[in-house]
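**Student:** Take a look at the letters that make up each chain.
There are 2 protein chains.
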Amino acid sequence: MSSSINFKNILVVGVGLIGGSIIRALKESSFSGGVYGIDSDKKAVTSAYDLGFIRNKDTNIPKDLDDLLVIFSVPVLSIQEAVSQINIMINTKNVIYTDTLSVKSSILNTLKALDKTVLKRFVLSHPIAGSEQSGFKASSATLFKEKLSIICPHEDNSEQDVSKIEDFWKALGSYTKKLSANDHDELFGKTSHMPHVIAYALMDSLYQDLGEKTFLYSGGSLEDYTRIASSDPIMWKDIMVSNDKSILSSIESFKRSLDELSELIGTNNATGLIEFFSTVKNARDKSISGKED
Amino acid sequence: MSSSINFKNILVVGVGLIGGSIIRALKESSFSGGVYGIDSDKKAVTSAYDLGFIRNKDTNIPKDLDDLLVIFSVPVLSIQEAVSQINIMINTKNVIYTDTLSVKSSILNTLKALDKTVLKRFVLSHPIAGSEQSGFKASSATLFKEKLSIICPHEDNSEQDVSKIEDFWKALGSYTKKLSANDHDELFGKTSHMPHVIAYALMDSLYQDLGEKTFLYSGGSLEDYTRIASSDPIMWKDIMVSNDKSILSSIESFKRSLDELSELIGTNNATGLIEFFSTVKNARDKSISGKED
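Chains A and B are the protein sequences, given in the same order.
So the number in our numbering is just where the residue sits in the first sequence, counting from 1, plus 18.
So the number in our numbering is just where the residue sits in the second sequence, counting from 1, plus 18.
Since the hints were derived computationally from the structure, they do not count as laboratory data.
Possibly wrong hints are sitting among the right ones.
As the list makes no split between identical chains, a pair holds if one copy fits it or if it spans any two.
Distance condition first, Cα-Cα at most 27 Å in a straight line; then the derived BS3-like pairs of lysine-lysine [stated by the list, open to error]:
| no. | residue 1 | residue 2 |
| --- | --- | --- |
| 1 | K196 | K61 |
| 2 | K182 | K163 |
| 3 | K299 | K231 |
| 4 | K61 | K304 |
| 5 | K304 | K195 |
Looking at chain A on its own, in the form it has when it is part of the complex:
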């Protein structure tokens, strides 16, 4: 069951992979309001206009867009500047804000240091959808279909605004769950940011050892396993810096497990290895079937 979008106008700030996918999905949805998009890359805006996804062909956005949703889809550390720019561009009377970023606590702290009006009407969200590719050219109308979107309400949000943001993501095909900003960052530090750390470190060490022969005999699965190391460097620099504590704690936890396994391999401890692998296999199989229940 798809929900309806309870806004008259939508402005997407940053029409890269995620922002671009939002305007594409809106085009294919039943939404009949105004869709606008801005980006520091003028070509992306022109492409989106030429394809009929947005109403503006340059940075001239009508100042008085009524009943507006502004969606920030910029690198994490650009949020403060992006919010300030938008508040100069538009009349902020009847606006709700959200974002699509991978880190939540640092965004919330940034907002708290800004205008209280913005904070109150800013409902943090994070669609768990992405790719190692980036930019408008990689965007897709179906990126959010059947994907989870996390909503992180904070104490200054109204229930009504939170519901409108939930409905928005549902209308794009997502299902939603709520988490606090802190819980979000701790969890995604482990389950998303940590795999990126690993992929970058693995790819770095492989290339140092094997150079361009890395993939020559690998047959595909190594390509999959290192795919996220081709992600956007700026985006991931921002995430690492903004969620550093949670990521560093995940690295320590991971290194303890890695050292335990190394020890078992180094001592050729057959019984210990079978026990380690069986326990991990059972844990994974159990957690995944738990998810599907």
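With the hints as your guide, set chain B onto chain A.
**Tutor:** Showing chain B alone in chain A's frame:
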């Protein structure tokens, strides 16, 4: 262009994921000779017989199969016992042997300590195809299609035997490359065994920290990233023990890269992080496009 299979009879020892996929692929190929299969799991043999993939319905294999290829698809550390058993079961006059295992040097050393006749006619091979699933029920006739199969000829092999094994894999849809057993183990220690070490260690640390909530908010990509931690524990215990030196050296190399990255995150070194991620991304993108040339 598919090659033809230059044997009259084929005996697969171990009809699990890989061995099972071989007999399924043979059924769908133009091979009209005799196909036989044995396994310590009697049910697998019965299933394969009932499905018409093999001629034997129990362990009674004709002793005098002429022009025979024996394929060992058992856990690495079971190879010695499997070879000895087969040599009791069959007349070894006109037999070529191969295997499908993920480690090559330790197999070669095992063979060197056995009968010289077997060593001479044993052409080591390794189809780079697999899955975190195991057993005959997970096998597939198309598992080897367009996949790489590595052949590791050794000094006692004849060129003719090596060619026949290459042709066999080509007939099953693979393309082939040759590597020495040592080069194979060093390379796959890094590009295949190491990702398994990482997946097991990551899954272990995640489950310790998050328990059954591990996948609750993860949206799919973490499932992919930990998939190989659901692999068969016995098979992977054997690989870790048999290729321990290469794997331990890969772990050290990986830990150096991980420590470098941790340091950049811990000091919020934005410039250093962008440089690290960009260098790794370029290395990956370049190595992969090099592969496709």
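**Student:** As a check of your reading, is K196 near K61 (CA-CA no more than 27 Å) within one copy, between copies, both or neither?
**Tutor:** neither (35 Å within a copy, 47 Å between copies)
**Student:** Reference check for the pair K299 and K231, CA-CA at most 27 Å: within, between, both, or neither?
**Tutor:** Intra 31 Å, inter 15 Å, cutoff 27 Å: inter-copy only.
**Student:** Up to 27 Å between alpha-carbons, please classify K182 paired with K163: within, between, both or neither.
**Tutor:** within (18 Å within a copy, 49 Å between copies)
**Student:** Between the shortest in-copy and the shortest cross-copy C-alpha distance, which are at most 27 Å for K61 and K304: within, between, both, or neither?
**Tutor:** Between copies only: 26 Å across, 47 Å inside.
**Student:** Cα distance capped at 27 Å. Does K304 pair with K195 within a copy, between copies, both, or neither?
**Tutor:** within (21 Å within a copy, 39 Å between copies)
Of the numbered hints listed earlier, the single one contradicted by the structure is hint 1.
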